[in-house]
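Can you make the complete structure from the sequences, with help from the hints?
Number of protein chains: 2
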Amino acid sequence: MVNANYDELSKQMKELRHLSNSQSILYWDIRTYMPSEGIEQRGQSLAILGRIIHEKATNTQIGELISQCNKSDSGLDSIQKRNVELWKRDHDRETKLPSDLVVRLTKQSTITEHKWEQAKQKKQNFAIIKPELEKMVELVKERARALDPDKPMYDVLLDEYEPKMTAAGIDSYFKPLKEGVIKLIKKYQDAVADNPPNTTILKKNIPVDQQKQVSKWIMNFLGIPPNRSRVDEAEHPFTTGLAKDVRITTHYLDDDPTGAIYSTFHEGGHALYELNTPEEHWFSAVGETISMGIHESQSRFAENIVGKNPIFLKYFYPKVVQKYMPAFNSLDTDTFIKTINAITPSKIRIYADEVTYNLHVILRFEIEQDLIAGKISVGELPDIWNAKMEEYLGVKIENDAEGVLQDTHWYAGLIGYFPTYVLGNIYNSQMLATMRKSIPEWEDQLGVGDFSKIRNWLVTNVQNKGSIYDPIDLINNICNQPPDTKYFLDYLNEKYSRIYNI
Amino acid sequence: MVNANYDELSKQMKELRHLSNSQSILYWDIRTYMPSEGIEQRGQSLAILGRIIHEKATNTQIGELISQCNKSDSGLDSIQKRNVELWKRDHDRETKLPSDLVVRLTKQSTITEHKWEQAKQKKQNFAIIKPELEKMVELVKERARALDPDKPMYDVLLDEYEPKMTAAGIDSYFKPLKEGVIKLIKKYQDAVADNPPNTTILKKNIPVDQQKQVSKWIMNFLGIPPNRSRVDEAEHPFTTGLAKDVRITTHYLDDDPTGAIYSTFHEGGHALYELNTPEEHWFSAVGETISMGIHESQSRFAENIVGKNPIFLKYFYPKVVQKYMPAFNSLDTDTFIKTINAITPSKIRIYADEVTYNLHVILRFEIEQDLIAGKISVGELPDIWNAKMEEYLGVKIENDAEGVLQDTHWYAGLIGYFPTYVLGNIYNSQMLATMRKSIPEWEDQLGVGDFSKIRNWLVTNVQNKGSIYDPIDLINNICNQPPDTKYFLDYLNEKYSRIYNI
Chain A
9 MVNANYDELS KQMKELRHLS NSQSILYWDI RTYMPSEGIE QRGQSLAILG
59 RIIHEKATNT QIGELISQCN KSDSGLDSIQ KRNVELWKRD HDRETKLPSD
109 LVVRLTKQST ITEHKWEQAK QKKQNFAIIK PELEKMVELV KERARALDPD
159 KPMYDVLLDE YEPKMTAAGI DSYFKPLKEG VIKLIKKYQD AVADNPPNTT
209 ILKKNIPVDQ QKQVSKWIMN FLGIPPNRSR VDEAEHPFTT GLAKDVRITT
259 HYLDDDPTGA IYSTFHEGGH ALYELNTPEE HWFSAVGETI SMGIHESQSR
309 FAENIVGKNP IFLKYFYPKV VQKYMPAFNS LDTDTFIKTI NAITPSKIRI
359 YADEVTYNLH VILRFEIEQD LIAGKISVGE LPDIWNAKME EYLGVKIEND
409 AEGVLQDTHW YAGLIGYFPT YVLGNIYNSQ MLATMRKSIP EWEDQLGVGD
459 FSKIRNWLVT NVQNKGSIYD PIDLINNICN QPPDTKYFLD YLNEKYSRIY
509 NI
Chain B
9 MVNANYDELS KQMKELRHLS NSQSILYWDI RTYMPSEGIE QRGQSLAILG
59 RIIHEKATNT QIGELISQCN KSDSGLDSIQ KRNVELWKRD HDRETKLPSD
109 LVVRLTKQST ITEHKWEQAK QKKQNFAIIK PELEKMVELV KERARALDPD
159 KPMYDVLLDE YEPKMTAAGI DSYFKPLKEG VIKLIKKYQD AVADNPPNTT
209 ILKKNIPVDQ QKQVSKWIMN FLGIPPNRSR VDEAEHPFTT GLAKDVRITT
259 HYLDDDPTGA IYSTFHEGGH ALYELNTPEE HWFSAVGETI SMGIHESQSR
309 FAENIVGKNP IFLKYFYPKV VQKYMPAFNS LDTDTFIKTI NAITPSKIRI
359 YADEVTYNLH VILRFEIEQD LIAGKISVGE LPDIWNAKME EYLGVKIEND
409 AEGVLQDTHW YAGLIGYFPT YVLGNIYNSQ MLATMRKSIP EWEDQLGVGD
459 FSKIRNWLVT NVQNKGSIYD PIDLINNICN QPPDTKYFLD YLNEKYSRIY
509 NI
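If you read the sequences in order, they're chains A and B. Just so you know, we're using the numbering used here here: the first sequence kicks off at 9 and counts up by one. Just so you know, we're using the numbering used here here: the second sequence kicks off at 9 and counts up by one.
Calculated directly from the structure, the hints in this document are not laboratory data. Where hints are given, some of them may not hold.
Chain copies aren't distinguished; within one or between two, either way the pair holds.
[To be verified] Below, simulated EDC-like cross-link-like pairs (lysine to aspartate or glutamate); rule was C-alpha separation at most 20 Å, straight line:
(1) Lys22 - Glu45
(2) Lys19 - Asp262
(3) Lys22 - Glu48
(4) Lys143 - Asp108
(5) Lys322 - Glu45
(6) Lys445 - Asp240
(7) Lys115 - Glu23
(8) Lys149 - Asp378
(9) Lys252 - Glu48
(10) Lys220 - Asp240
(11) Lys89 - Glu63
(12) Lys172 - Asp492
(13) Lys445 - Asp37
(14) Lys224 - Glu45
(15) Lys252 - Asp37
(16) Lys220 - Glu241
(17) Lys220 - Glu243
(18) Lys316 - Asp492
(19) Lys89 - Asp391
(20) Lys104 - Glu63
(21) Lys22 - Asp108
Here is the structure:
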């Protein structure tokens, strides 16, 4: 049945998606190639574009078209109905945001993020960025209040990254997780103490060109076509773009090549998800990725479940790492596997092992909630950060660059985002448990450097579903049960009992 | 005096400038880093953005604001009045273009240009791009007719790149130029024949990294701050951006390093102009560069008057070329100077010497006019091109990549643009004649690798004038007389009589 309202609505939403993707490319440019002095004018350009998008997204015609499409006799099929539902969700959200707030948010996030980047690079004190972050946090709170003055602000923010998720829901996952993780750390405490991991042996001086070769290999291994993607360098790795142009960035450190290796796996996983959303629905809501948690499930699948799998590493380390980075010839495969997977507290979240990583996120989740609730001030962040790091992980933060300045999120206005990383762990280990039933030989595949069967499973069961289901429904659809932290703890226990032989 | 209409108009025009500059960055991305499969969706994004810009530029409110500002009691100062005049010029032009034509033009130019790039790279036959170019030419003609159905189409197109210029005006410059150039070629025919230049000695294998070092040196020599600019690689060199973010591209050929050297001088000259428009007027019309002819005068000043000056080369060649590209150690300075300046017909315009270059442009000017007048068809372009190349320059084109496919302009819809290159030669030699009166030691400065005095003169007298004057008025303002081809011929005669000692 032809529905002129739906067609018009589709057309307008498609245009909006093109505009927001143009914005994304302009952000990508800021963080990869833009000359530094260009930041102020770029901030203005993005604010103008942001206002235009906001005006288009909130114009009353769209509201009317949505109402028309929601009538019982609309004759829309289930996919079309889902599109209308998702567009309505976005439209309702956007109409609640005053235009000037959108402009102020865009401008401030561009400035704060850029200044954060410089502060981190120059290892400056947090104090230098504090006034900008204060403005950012106030704007984020203003945003939450505008979206829903009746709900707790933090829940409002969470919902933007993980539809229908609440702080209480996260708590219900994170509580057993925290317990399980602490138990696990204790279980291997002695084994770790007997044979203390020396992660400094991974810190080899590797020319950037060699590191780029490895990144290229990883992209190819993951099945990401070079004519639809690219790898650039940025201070903080990220993935952007959609449909046939999805780009990742990594950060090559001269003296620490595993950073770029695993950020390439991670961002490559994100890129794979974006590239494999259902092509027939691209530029409509159903053709999008559904949530940051599911996004992280895919990136962390590539990074951890695949990239740090001991059987995969028996292939990857000699055939790729040692081949392209001969400086690793002096380090044997088993030691690499043990060291890269070592349960050892790290100051930096993105370099943490799969066990302690969760505590990094739980720490941020706790701080974020208190920050938004006004229980702590921006100025207190470094002290609270450092204290919690010592309490949870026993590490002493020496300067803010390795502490509260390490992640871009808060400076970019992304508060309520961090929990999605651990949701990703919870989701993907549950996906793995299901996948193993149809691909019991999944590890043998990895052992010969073949990701294709696993990739196809992820594409078919997760990525190609786009936004047909909300996250919890998607997990239900794939695994026949809602998300359950048990699978992640099982995964960790199985993995580490094999590594430590306990 | 406060004029609320002017303030509102300024604000809206500033926003438009931000939007069109965002478009420019998205085009830059296509030609530098975009994954190739992204072209179709990017074309759509740019078309949508183009339509939004067009709608904003043509909305009736802007027309009304302009009318209000044009009232005799507006109280505007002369700069403000000039802004209104220029905005009215643009607004009148834009309102004549139907929205759908703008969209079709944007889409088609993205596609044609991208396919041209591939065709050229793969050395494919012109036939492969012919259908796309046919569509492009028809759209350009449709554009000219919409802008002014009463004026010759080619004059309408010319006026967009060089305000107030006509084909007859160009003819009046090009006729004496053609005669003068042919005379000059004859004058040195014997000298050239006695000592035939061997340009193949310049074709050395030079690693791209070394070439990048030289490009970097040139940018620094020209006084272009790295935090406001950058150099990337593209199939066809170009400059884009404005205010504090102006980027150039060059094309590094493994076996022909002078190509990148001189395109860096050329594009660097363009960048210098953009960066030195009057900052207090940025994002208003007066703060813009005035025309492509004046633009080319600056780029070709850097490329030829400076970059190929024998006294400058006595410094630049040993201290830069030979230093960063040791493969040149076997070639002495005098031979380099003679060879780089040799009057010798080339197939490729951008590699031509300063004398024969003009014939390349005259050829394109003649073909363009006939193409737009319908005297020749798109399909005939390769044959006519090749025949004229043989007639004017005595060279035989072997494949379209070195013939009609060599330049991007027509494929990007830029018809009427080529003459501005030679206008640039005419303008800048006249500027030079004036500059020499205040900096008689200009060549001594170049001889010690110092561009600063010359740069300051260009900034003060040309670049910092922005769009206060139309091109001919600007030349009048600087040189106290209208453009005159005589100065360019004098410049060529002086230069070559010194090189050939005749």
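Against the structure, the hints come out as follows:
1. In this assembly of identical chains, lysine 22 and glutamate 45 lie within 20 Å of each other by CA distance solely across copies; the values are 19 Å between and 33 Å within a copy.
2. With identical chains, the CA atoms of lysine 19 and aspartate 262 are never at most 20 Å apart, being 47 Å at best within one copy and 46 Å at best between copies.
3. Only between protomers do lysine 22 and glutamate 48 lie at most 20 Å apart by alpha-carbon distance; the minimum there is 14 Å, versus 29 Å within a single protomer.
4. When the C-alpha separation of lysine 143 and aspartate 108 is checked against a cutoff of 20 Å, the pair qualifies only within one copy, where the shortest distance is 15 Å, while the shortest distance between copies is 42 Å.
5. Taking CA atoms no more than 20 Å apart as the test, lysine 322 paired with glutamate 45 passes in neither setting, with 46 Å inside one copy and 35 Å between copies.
6. Neither within a single protomer nor between protomers do lysine 445 and aspartate 240 lie at most 20 Å apart by alpha-carbon distance, with minima of 37 Å and 50 Å respectively.
7. For the homomeric pair lysine 115 and glutamate 23, the shortest alpha-carbon distance between copies (14 Å) is at most 20 Å, but the shortest distance inside one copy (23 Å) is not.
8. Taking CA atoms no more than 20 Å apart as the test, lysine 149 paired with aspartate 378 passes inside one copy only; the shortest distance there is 12 Å, against 63 Å between copies.
9. Within a single copy, lysine 252 and glutamate 48 get their C-alpha atoms only as close as 30 Å, which misses the 20 Å cut-off; across copies the closest is 9 Å, which meets it.
10. Within a single copy, lysine 220 and aspartate 240 get their C-alpha atoms as close as 9 Å, and across copies as close as 19 Å, so both meet the 20 Å cut-off.
11. Neither within a single protomer nor between protomers do lysine 89 and glutamate 63 lie at most 20 Å apart by alpha-carbon distance, with minima of 24 Å and 32 Å respectively.
12. For a Cα distance limit of 20 Å, the shortest separation of lysine 172 from aspartate 492 inside one copy, 16 Å, qualifies, whereas the shortest one across copies, 73 Å, does not.
13. In this assembly of identical chains, lysine 445 and aspartate 37 lie within 20 Å of each other by CA distance neither inside one copy nor across copies; the values are 43 Å within and 44 Å between.
14. For the identical chains of this complex, lysine 224 and glutamate 45 are inter-copy neighbours only, at 18 Å across copies versus 31 Å inside a copy, given an alpha-carbon limit of 20 Å.
15. Taking CA atoms no more than 20 Å apart as the test, lysine 252 paired with aspartate 37 passes in both settings, with 18 Å inside one copy and 15 Å between copies.
16. Within a single copy, lysine 220 and glutamate 241 get their C-alpha atoms as close as 10 Å, and across copies as close as 19 Å, so both meet the 20 Å cut-off.
17. In this homomeric assembly, lysine 220 and glutamate 243 come within 20 Å of each other (Cα to Cα) only inside a single copy, at 16 Å, whereas the closest approach across copies is 23 Å.
18. Proximity of lysine 316 and aspartate 492 under a CA criterion of 20 Å is satisfied in neither setting, with 23 Å inside one chain copy and 72 Å between copies.
19. With identical chains, the CA atoms of lysine 89 and aspartate 391 are never at most 20 Å apart, being 49 Å at best within one copy and 57 Å at best between copies.
20. In this assembly of identical chains, lysine 104 and glutamate 63 lie within 20 Å of each other by CA distance solely inside one copy; the values are 12 Å within and 26 Å between copies.
21. Taking the closest pair of Cα atoms, lysine 22 and aspartate 108 come within 20 Å of each other only across two copies (18 Å); inside a single copy the shortest separation is 24 Å, beyond that limit.
Comparing the model with each numbered hint stated earlier shows that hints 2, 5, 6, 11, 13, 18, 19 do not hold.
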